[in-house]
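**Q** Listed below, chain by chain, are the residues.
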Amino acid sequence: MIEFDAVSFGFEDVPVLDDVSLTIDDGEFVVLAGANGSGKTTLCRHCNGLLEPDSGTVRVDGTPVRDDLVGARSTVGMVFQHPRDQFVAATVGSDVAFGPENLGLPRAEIDRRVESALAAVNMTGRETDLIDALSGGEQSRVAIAGALAMDPSHLVLDEPFTGLDDPARRSVLDRLASLSNDGTGVVLATHDLRDVIPLADRVIAMRDGRVVVDGTSPGALDELADLPVRVPRSRRPHE
Amino acid sequence: MIEFDAVSFGFEDVPVLDDVSLTIDDGEFVVLAGANGSGKTTLCRHCNGLLEPDSGTVRVDGTPVRDDLVGARSTVGMVFQHPRDQFVAATVGSDVAFGPENLGLPRAEIDRRVESALAAVNMTGRETDLIDALSGGEQSRVAIAGALAMDPSHLVLDEPFTGLDDPARRSVLDRLASLSNDGTGVVLATHDLRDVIPLADRVIAMRDGRVVVDGTSPGALDELADLPVRVPRSRRPHE
Amino acid sequence: MLTYEPDETIAHRLDPRSKLAVQMGFAATALAHTSPRALLALSVVAALLLAAARVPLWRTLVAYRFALVILAIAPIVAAVTLGAPWIDVGDGLASARASYRVLLVLLVSAAYVRSTPVRHSRAAIQRTIPGKPGQLLGIGVALVFRFLPVLRADLRTIQDAMAARLGTERSAVERASTIGVLGLERAFDRADRLSLALQARCFAWNPTLPALSFGRLDYPAIAIAIVLALSAFL
Amino acid sequence: METEQSDVDLVGGETVRAVARAALLAALMGAAAIVTIPYPLSPAPVTLQVLVVFLAGLYLGPLWGTFSIGLYLAAGAMGAPVFSGATGGPGVLLSEPTAGFLWAFPIGALVIGLLVHREVSPRDPADVPVPLVVGSLLAGLLVIYAGGVGWFAWIASTSLPEAAAAVAVPFVPADLLKLAAALAIVRSGRLDPV
Ligand SMILES: Nc1ncnc2c1ncn2[C@@H]1O[C@H](COP(=O)(O)OP(=O)(O)OP(=O)(O)O)[C@@H](O)[C@H]1O
Ligand SMILES: Nc1ncnc2c1ncn2[C@@H]1O[C@H](COP(=O)(O)OP(=O)(O)OP(=O)(O)O)[C@@H](O)[C@H]1O
Ligand SMILES: O=C(O)CCCC[C@@H]1SC[C@@H]2NC(=O)N[C@@H]21
Ligand SMILES: [Mg+2]
Ligand SMILES: [Mg+2]
Chain F
6 MIEFDAVSFG FEDVPVLDDV SLTIDDGEFV VLAGANGSGK TTLCRHCNGL
56 LEPDSGTVRV DGTPVRDDLV GARSTVGMVF QHPRDQFVAA TVGSDVAFGP
106 ENLGLPRAEI DRRVESALAA VNMTGRETDL IDALSGGEQS RVAIAGALAM
156 DPSHLVLDEP FTGLDDPARR SVLDRLASLS NDGTGVVLAT HDLRDVIPLA
206 DRVIAMRDGR VVVDGTSPGA LDELADLPVR VPRSRRPHE
Chain S
6 MIEFDAVSFG FEDVPVLDDV SLTIDDGEFV VLAGANGSGK TTLCRHCNGL
56 LEPDSGTVRV DGTPVRDDLV GARSTVGMVF QHPRDQFVAA TVGSDVAFGP
106 ENLGLPRAEI DRRVESALAA VNMTGRETDL IDALSGGEQS RVAIAGALAM
156 DPSHLVLDEP FTGLDDPARR SVLDRLASLS NDGTGVVLAT HDLRDVIPLA
206 DRVIAMRDGR VVVDGTSPGA LDELADLPVR VPRSRRPHE
Chain L
497 MLTYEPDETI AHRLDPRSKL AVQMGFAATA LAHTSPRALL ALSVVAALLL
547 AAARVPLWRT LVAYRFALVI LAIAPIVAAV TLGAPWIDVG DGLASARASY
597 RVLLVLLVSA AYVRSTPVRH SRAAIQRTIP GKPGQLLGIG VALVFRFLPV
647 LRADLRTIQD AMAARLGTER SAVERASTIG VLGLERAFDR ADRLSLALQA
697 RCFAWNPTLP ALSFGRLDYP AIAIAIVLAL SAFL
Chain Y
5 METEQSDVDL VGGETVRAVA RAALLAALMG AAAIVTIPYP LSPAPVTLQV
55 LVVFLAGLYL GPLWGTFSIG LYLAAGAMGA PVFSGATGGP GVLLSEPTAG
105 FLWAFPIGAL VIGLLVHREV SPRDPADVPV PLVVGSLLAG LLVIYAGGVG
155 WFAWIASTSL PEAAAAVAVP FVPADLLKLA AALAIVRSGR LDPV
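Residue numbers (the numbering used here), protein chains in the order written: chain F, 6 to 244; chain S, 6 to 244; chain L, 497 to 730; chain Y, 5 to 198.
Because the hints were derived from the structure by calculation, they are not lab data.
Each hint should be verified, as a subset may be incorrect.
[As the list claims (entries may be wrong)] Sample of chain Y residues at the chain L side, in silico, Cβ under 7 Å:
(1) Val12
(2) Leu14
(3) Gly16
(4) Val20
(5) Arg21
(6) Ala30
(7) Ala31
(8) Ala79
(9) Pro94
(10) Pro135
(11) Ile189
(12) Ser192
Here the structure is a predicted model, which means the values were calculated and not measured.
All C-beta atoms, glycine included, are put in the ideal place defined by N, C-alpha and C.
Looking at chain F on its own, in the form it has when it is part of the complex:
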């Protein structure tokens, strides 16, 4: 569970998040929408303590993030806006292993996690491939595998679809849907809502650092007529 409790944040003196309160349950599939600069990335980065609130508290499974960064970062996996931004190693296998290694797991367990993470994104057996030689869609998948290998209970993805063609986009989306069905919480920030909404349990839309739509409160969507979202399904599979 990720909780934002009256969180405000600014860069230098520019306010970016303005009194955000939210609770994201385990296994929930949340879509985060909003214009450029509305604060999506900033919100995502609070979920695992890459940024710290100026006021208010972010809690992961009840513990304030600042009190247990390691815990928060192993519970909340993060995929950055540009997959290339997040690779730390030259080959697929060593990059996906980076996180588990930092958890201090035994080598056999690390190998097992790398294997299953790669299987989850349809990249089995590609451990020794050079990341630079992969296509854009393949890179996105490896980025997701890197987060999955931490065995997180939440996955936060910041516009993971940029530069992907439709089949790649759909395969990543399928993967996310099935992860969410298996109990992983998914927070997906994106501009391009076309085929995402049907998968979502909930839509959160931001404007100028505030949450202006929260799709779980009935009727909320009407408040923002100009947002190109369809009303999400009311079903919430993990309740």
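With the hints as your guide, set chains S, L and Y with the ligands onto chain F.
**A** Only chains S, L and Y with the ligands this time, still in chain F's reference frame:
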């Protein structure tokens, strides 16, 4: 006019373009579609001699590109995927002036071109703004202005929409539509065809380095059922 | 941070080359003199030059704070002697005066920075150094200004990416070398994309140079530069 | 228009790529200047500048490596906040007690480039024998120390040994670590030379 005459090209020994023949007329609005790795970027880079064919010829206005690089590069303006990577100066005005300066034009003519290029993308009077302080959509438009200032008769854009929200995307698209109406040819490589097709005179789709759909030949679209394109308008405004 | 700010001061209206000449003249004479009287005269000149560019003194001192620490330590280092009497006040004072003139030179250079946009600096380079080297140096300097914030952001992103997967648990040496390799890799990546963009825009050896005008104000500025430089020999 | 444009003398593709890399490396050196650690044993701070000078010589070769560090100095002189402690401006190069290091940086890159590559166009440093790489980097480091010490002795009017004790000797361990880091980067084989 840009002509590809039996063009083939490979990186080292991997073939990427395979016997491509095409003619793009002045003032035509062409959308270039295709999966990741199908060869769109490679095709674009042949239009102004950033890459040279292994066999076959690319001609701009009848002259082979390799015989007159300066001519090709001022006739065919190019906008790359990430505007951040292509700005050469810290302010809008000095960046847009870079191309005309290289053509050795007199200062008064350069100033005139900068002004009219910025006007064409709705950025009049922003010469002294810092590029880093612009939003993503504004940066894309400045990148387009940088190409326009070369006074090109064609504009080739390689996925200019990545990371843009809907309003920014629409504003860039509006600009392209009006440039095309004013007689500038537009070649737009993109994955995201949703609102682009209605503007296009023609859709070209690639697969594995070959042109598999060319929307000007009637019935061609049927050949590629799984490509998510609507049949383009048959009207071709500049004939 | 100290950067160019648009304004209408005398310094803003000068040609960058005359401003650079004044800078060099001032540094030459400052480095040649450390007598208290000379320092007083230099302070007056520095104050005038700062006023001519309307340099905010406090912000400038803050911007140079690291250099100031070094300048403050120097007299202490100089005063300490090996063996009795351990502290040599004379050495310390001499060094303090040396530090003070350095401070003046630094402050005066803020006048150049505040009043000169990058494109003027670039033009000055291209008009002073002839031929291809000047051409490349000019565009190169513009590119450094342009990409400095981009690469800073890259380095931050790399750190964030490592932190998100608990790279913070690794040793400092390992972290530093990863950041080094990745930083360099990304910088070269960007360079390769930039080089395509430069070619697409006809990057040429003989472009129209950015405009510079050597105006009426510049003659007195050059005269001041020469007087300052000559006073180094007094 | 046609006649005007046919006079345009395009910069060749190889040169453009080298210039772009030189500029980006110079910018990286400036971005790394954020890491300035005041050092109680010396009036100079610990910085990563030396590491970037090493890399310039190794990856860009004698010509473009020197050019790159030269760009760094020129941009700093024009006010980019690229010197230690994020300072910039002509005064730094003209008067700072540590400016001797700055002036020596391009010469260090030149020496390293010449020793490692022996010609203008660089080869892959991963193919160069390790002892040669280490020896060249040490030679470059000596050049940098010589510049820094000589200038400091002049500007702070101390003797050369005093100056060396103040601004060179305390940095030997840290700079050897940077040498090891440069070597590790070369051995990783993850970068292509220009
Ligand atoms: N490092 C930073 N320093 C200063 N301001 C910043 C920084 N990062 C973001 N901002 C500002 O914070 C605001 C929110 O940015 P954020 O990246 O969270 O938006 P976003 O919703 O993710 O936008 P996008 O769709 O463009 O990714 C913007 O106005 C942006 O300019
Ligand atoms: N510099 C290069 N060296 C080797 N192979 C390359 C290089 N650039 C591209 N390729 C290969 O050429 C093929 C076509 O690449 P291209 O970039 O033209 O595709 P694209 O259609 O633009 O794809 P995307 O939608 O991902 O941008 C790909 O298989 C790619 O791996
Ligand atoms: O003012 C500057 O920017 C120059 C600082 C020079 C620091 C020197 S370089 C050699 C030695 N190694 C370090 O880490 N710092 C000093
Ligand atoms: Mg974002
Ligand atoms: Mg492409």
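**Q** Can you list which hints this structure breaks, lowest number first?
**A** Of the numbered hints given earlier, those the structure breaks are 3, 10, listed in rising order.
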